[in-house]
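Asker: According to the working numbering, the residues represented by the sequence shown are 5 to 452, in order.
Simulated from the structure, these hints should not be mistaken for lab results.
Nothing here was measured: the structure is a model prediction, and the numbers come from that model.
Honestly, I wouldn't trust all of these hints.
To be verified - Listed next, with one range per pair, are the computed distances between beta-carbon atoms:
{"no.": "1", "residue 1": "Glu321", "residue 2": "Glu358", "range": "21 to 27 Å"}
{"no.": "2", "residue 1": "Val277", "residue 2": "Arg386", "range": "51 to 57 Å"}
{"no.": "3", "residue 1": "Glu35", "residue 2": "Arg253", "range": "47 to 53 Å"}
{"no.": "4", "residue 1": "Gln418", "residue 2": "Glu358", "range": "26 to 32 Å"}
{"no.": "5", "residue 1": "Arg99", "residue 2": "Gln42", "range": "23 to 29 Å"}
{"no.": "6", "residue 1": "Gln42", "residue 2": "Pro13", "range": "50 to 56 Å"}
{"no.": "7", "residue 1": "Ala182", "residue 2": "Glu321", "range": "27 to 33 Å"}
{"no.": "8", "residue 1": "Ser193", "residue 2": "Gln42", "range": "49 to 55 Å"}
{"no.": "9", "residue 1": "Arg331", "residue 2": "Asp281", "range": "15 to 21 Å"}
{"no.": "10", "residue 1": "Ala368", "residue 2": "Asp205", "range": "53 to 59 Å"}
Unchecked claim - The calculated DSS-like cross-link candidates involving lysine-lysine, where the alpha carbons are at most 27 Å apart (straight line), are:
{"no.": "11", "residue 1": "Lys189", "residue 2": "Lys216"}
{"no.": "12", "residue 1": "Lys215", "residue 2": "Lys242"}
{"no.": "13", "residue 1": "Lys215", "residue 2": "Lys189"}
Where a beta carbon is used, it is the ideal one built from N, C-alpha and C, also for glycine.
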Amino acid sequence: MADTDPAGPVMDRDEVDRALARLGAEHEAIETSLLALQDHAGRRLLEGAGLTGVTAERWTSTEAAITLLWTYFDAYTDVLRTAREIRARRRWSSREDLAELTELLRGEPVTVAGSAAATANAPTPHGGQAGPGVLSERWSLPALVDRMNELYASSLDMVVAADAVWSALPARIDLLSAELRRTSKLAHSVGVRPGEHPAGDDLERITRTLKKLREQVVSDPLAFWRPAEGSSAPGGGKPDTTVYDREARALEDVRREIDAVLAVRQDAEKRIVRLRDVLSRADRTLAEARTARGEVLAKIAATEVPVVSGPPTALQEQLSTAAEYRRHAQWHRLSPLLESLEQKAEDELLRARESLTAVTAPLAVRAELRGRLDAYRAKVTRHGLAEDPLLVERYEKARRMLWSAPCDLRAAEQAVLRYQQAVAELLGAAPGVPGQGTGPDERRGPGA
Numbered sequence: 005m006a007d008t009d010p011a012g013p014v015m016d017r018d019e020v021d022r023a024l025a026r027l028g029a030e031h032e033a034i035e036t037s038l039l040a041l042q043d044h045a046g047r048r049l050l051e052g053a054g055l056t057g058v059t060a061e062r063w064t065s066t067e068a069a070i071t072l073l074w075t076y077f078d079a080y081t082d083v084l085r086t087a088r089e090i091r092a093r094r095r096w097s098s099r100e101d102l103a104e105l106t107e108l109l110r111g112e113p114v115t116v117a118g119s120a121a122a123t124a125n126a127p128t129p130h131g132g133q134a135g136p137g138v139l140s141e142r143w144s145l146p147a148l149v150d151r152m153n154e155l156y157a158s159s160l161d162m163v164v165a166a167d168a169v170w171s172a173l174p175a176r177i178d179l180l181s182a183e184l185r186r187t188s189k190l191a192h193s194v195g196v197r198p199g200e201h202p203a204g205d206d207l208e209r210i211t212r213t214l215k216k217l218r219e220q221v222v223s224d225p226l227a228f229w230r231p232a233e234g235s236s237a238p239g240g241g242k243p244d245t246t247v248y249d250r251e252a253r254a255l256e257d258v259r260r261e262i263d264a265v266l267a268v269r270q271d272a273e274k275r276i277v278r279l280r281d282v283l284s285r286a287d288r289t290l291a292e293a294r295t296a297r298g299e300v301l302a303k304i305a306a307t308e309v310p311v312v313s314g315p316p317t318a319l320q321e322q323l324s325t326a327a328e329y330r331r332h333a334q335w336h337r338l339s340p341l342l343e344s345l346e347q348k349a350e351d352e353l354l355r356a357r358e359s360l361t362a363v364t365a366p367l368a369v370r371a372e373l374r375g376r377l378d379a380y381r382a383k384v385t386r387h388g389l390a391e392d393p394l395l396v397e398r399y400e401k402a403r404r405m406l407w408s409a410p411c412d413l414r415a416a417e418q419a420v421l422r423y424q425q426a427v428a429e430l431l432g433a434a435p436g437v438p439g440q441g442t443g444p445d446e447r448r449g450p451g452a
């Protein structure tokens, strides 16, 4: 049976050599990782930054952890160097050498002073932070490697997260701020200013928000870090761009508003000319309706003729205001005014046309009755009945009514219907239904 000691059975030479090779590889890997962490751009930025909030708290702990990592690594290096020196004494190590190597490789040969472990509230293996009451720590080499891996992972996670936020957000905020400045300059040129236009107020608010956001991102990047759920890899997650995205959308909305104002500036003159034309047509139509009303009142009796109102002065005043806004380059005020005026002008033209139609309706009825009377006269002439006394009498009576002034439309319509009925009876057809306006091309009866 092999001799034993508190570290377990004494290792033979092959076990020692394999253990030293494994520990040497681990030592090299740990050293490479620590040097990479030491040179990490994020760590260098954290060292020189004026940190606040959660980042300041995390960096205090991480900085202590990095210091503790180097302390552990130095102790690990010393033990490995001692073991290598003992193994190098002889080609074939003695039992005493092997026992000593077993103690180093399998025991707890690493002792770290408590002051190092407690430096700046460094995290402990069981969570929390080490306190000043810890006098020293003893570690086996495998346990020390695990501890260093733990500290390295937590330190790298913090450094990578801060660096990811700094790499993503400040540059994007700067680009958005540059676009904001260009938009603000353009907005100012078209009269969109804070206190005078909602878009100007939005630009002022976005400016304040982006300035504050950049200050917060620079001083407390971890406040804008969103860890990935279920991920234990260092740096697992992504920057939280919620505030940035919201302000970017708001700026895009403002840009569209400015574009609309610019469009107004470009075609304002055409739109104002078009508005003048529409209102002028509406005025001419109303004037025609008023003239037609006088004619109707003179030519048509016993009918209601609607009153024609005058042109609305309010629209002309608003059009003058629009022209004034254009002269003074007040495009932000001109844009909504033109949109409102265009709709009102179209409504006014429609109202004028409806007034003309309503006023001239009696003349249209008289014209329709005249046409119907002449059509039936031509019909009876084709049938050789133009000299029939009854038809002649009723035709002349209806004609006098329709061609006299003022014309009684109701009486004239009845006269035309009587003539129409007489024609139908004479031709052997059923009488037309009064009021239907049966024309000369209606269906004839069998004896037609």
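Asker: Out of the numbered hints, which ones does the structure contradict?
Answerer: 5, 6 and 7
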